[in-house]
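Peer 1: Under our numbering, think of the first position of the sequence shown as 18, with each following residue one higher.
Treat the hints as calculated values from the structure; they're not laboratory data. Keep in mind that this is a model prediction, so the values were computed, not measured. Among the hints, erroneous ones may be present.
[Unchecked claim] Derived pair list, reagent style DSS-like, types lysine-lysine, alpha-carbon separation capped at 25 Å:
(1) Lys-251 to Lys-442
(2) Lys-442 to Lys-269
(3) Lys-358 to Lys-373
(4) Lys-216 to Lys-206
(5) Lys-251 to Lys-269
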Amino acid sequence: MTVTLACRCWFMLGWVLWMGFIPVPLPAQPETLGARRPLLSGPLSLTEAVRRASEESLEVQIAQQELRSARAETGIAEATRLPLLTLGSAYTLASNPFFYTLSTGPGNIPRNSAGEFNLGLSLPLYTGGRLEAQVAQAAAERDAAQKDVAIVRLEAVLAVKQAYFQALLAQTQVATYQEYVAQRAASLKNTRERFAVGKVPRVYILRDETELATARQTLLAAGTLYQGALADLKRALGVNPASDFTLSDTLKEPSQDADLAQALGQAQQNNPELSALALRVIASEAQVQAASATFLPQVNLYAQGELRTPESDGFGNGGSLVVAATLPVLDFGSRAAAVEKAQANLKKAQLQRETKEQELAQRVTRAWLEMQQARETIQLTQAGIATASEEHRLAQERYAVGRSIQVEVLDSSVALLRARLEGIKALYDYNLALAHLEQTTGVGLPD
18 MTVTLACRCW
28 FMLGWVLWMG
38 FIPVPLPAQP
48 ETLGARRPLL
58 SGPLSLTEAV
68 RRASEESLEV
78 QIAQQELRSA
88 RAETGIAEAT
98 RLPLLTLGSA
108 YTLASNPFFY
118 TLSTGPGNIP
128 RNSAGEFNLG
138 LSLPLYTGGR
148 LEAQVAQAAA
158 ERDAAQKDVA
168 IVRLEAVLAV
178 KQAYFQALLA
188 QTQVATYQEY
198 VAQRAASLKN
208 TRERFAVGKV
218 PRVYILRDET
228 ELATARQTLL
238 AAGTLYQGAL
248 ADLKRALGVN
258 PASDFTLSDT
268 LKEPSQDADL
278 AQALGQAQQN
288 NPELSALALR
298 VIASEAQVQA
308 ASATFLPQVN
318 LYAQGELRTP
328 ESDGFGNGGS
338 LVVAATLPVL
348 DFGSRAAAVE
358 KAQANLKKAQ
368 LQRETKEQEL
378 AQRVTRAWLE
388 MQQARETIQL
398 TQAGIATASE
408 EHRLAQERYA
418 VGRSIQVEVL
428 DSSVALLRAR
438 LEGIKALYDY
448 NLALAHLEQT
458 TGVGLPD
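From just these sequences and the hints, can you work out the full model?
Peer 2: If you want it as structure tokens, here you go:
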């Protein structure tokens with residue numbers, strides 16, 4: 018009994034020690050959303066953000082795979098015009114003898130088993146232009162897919178510019194509110210000092226405290242908007258949500274912009290949406306040609322060589338060369354319907370191109386007008402900021418010598434804050450309108 022209990026104790030101790038040396042796998046932790054994406058840190062310029070969006074965004078990668086597929090379709094279409102070589106083999110094993118025909122030697126020899134190898138060659142000689150049209154259609158679709166990649170890249174660039182400008186706007190607003198909170202805190206401190214010596218009533222302190230509390234609430238809301246704008250920017254960039262970067266650029270000041278006629282000309286020449294639709298018109302024309310070619314004879318060359326190997330005496334091989342021409346006589350309107358469908362697709366593509374031209378002209382015009390409006394608004398807000406700054410300075414001077422009341426100073430400070438915020442918003446509107454104009458004219462991609 019004692020020996021048995023001791024053995025059990027030693028066994029349990031050994032098992033515990035052994036398990037201590039065996040690594041126990043921990044339960045897998047769930048992967049954080051977006052953890053597979055690149056992690057950014059440090060300063061981020063608008064140029065770098067645009068580069069990342071145009072090259073690395075998931076939408077661009079998807080479009081590139083569509084282009085890869087279109088290129089493969091072009092290769093498939095081109096291969097149909099080339100010779101097709103096939104190699105085949107067969108082995109027959111039967112329970113009863115069967116007659117096996119040889120190309121040379123005795124005619125029919127009964128065999129229980131036989132093997133055969135054949136080499137075949139086919140080549141289209143004349144298809145009425147059908148294969149050539151299919152190649153042209155695939156090539157046009159391939160080129161259109163290339164333009165689709167440019168379209169997606171422009172959309173990705175616009176999205177990241179919008180997010181970057183929105184983050185810059187929120188960041189500038191936060192800085193403006195921080196400065197305003199500091200001013201209100203200093204004003205409250207001064208009011209308390211003046212109240213302590215009996216120069217102002219207590220209601221002035223209450224008003225300053227209320228204004229400071231309101232300013233701090235607004236600053237908190239602005240900070241929340243800034244963090245949300247950064248989240249939108251990370252999504253547009255396609256990076257890890259845990260990325261911690263700062264914005265190194267500022268909102269761009271107005272410069273000498275192209276006139277409307279020049280912008281419309283750039284869109285006509287460079288916009289990839291318009292180019293893609295023009296290529297799809299070409300593809301549809303080729304589709305009509307391919308469908309019409311089915312009404313013409315289809316001539317093909319077939320060549321075949323055979324090697325037969327019976328198990329007993331006897332050996333045979335042979336070959337054949339055939340030129341075959343086919344022409345459907347009655348197909349109950351199938352070919353005519355295919356032509357009609359191709360012609361409808363062609364007309365649709367032409368109408369889509371015309372619609373896109375009108376839509377593009379509208380978008381360019383609106384973006385250009387919004388940019389001009391923002392430019393004029395910036396000039397007006399700059400004048401308003403100068404006026405509000407001077408009125409605030411005078412109100413402070415009058416209040417310091419007792420010639421005005423606190424409300425006047427508060428009103429002037431709020432007016433100055435509003436003017437500065439309007440100036441920031443006008444600058445943001447200008448940059449955003451410029452980004453829309455660059456996207457519609459097709460000049461917004463990095464080199």
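Peer 1: Next, verify each hint and record whether it holds.
Peer 2: Right, here's what the structure says about each hint:
{"no.": "1", "hint": "Lys-251 to Lys-442", "verdict": "22 Å, holds"}
{"no.": "2", "hint": "Lys-442 to Lys-269", "verdict": "12 Å, holds"}
{"no.": "3", "hint": "Lys-358 to Lys-373", "verdict": "22 Å, holds"}
{"no.": "4", "hint": "Lys-216 to Lys-206", "verdict": "14 Å, holds"}
{"no.": "5", "hint": "Lys-251 to Lys-269", "verdict": "21 Å, holds"}
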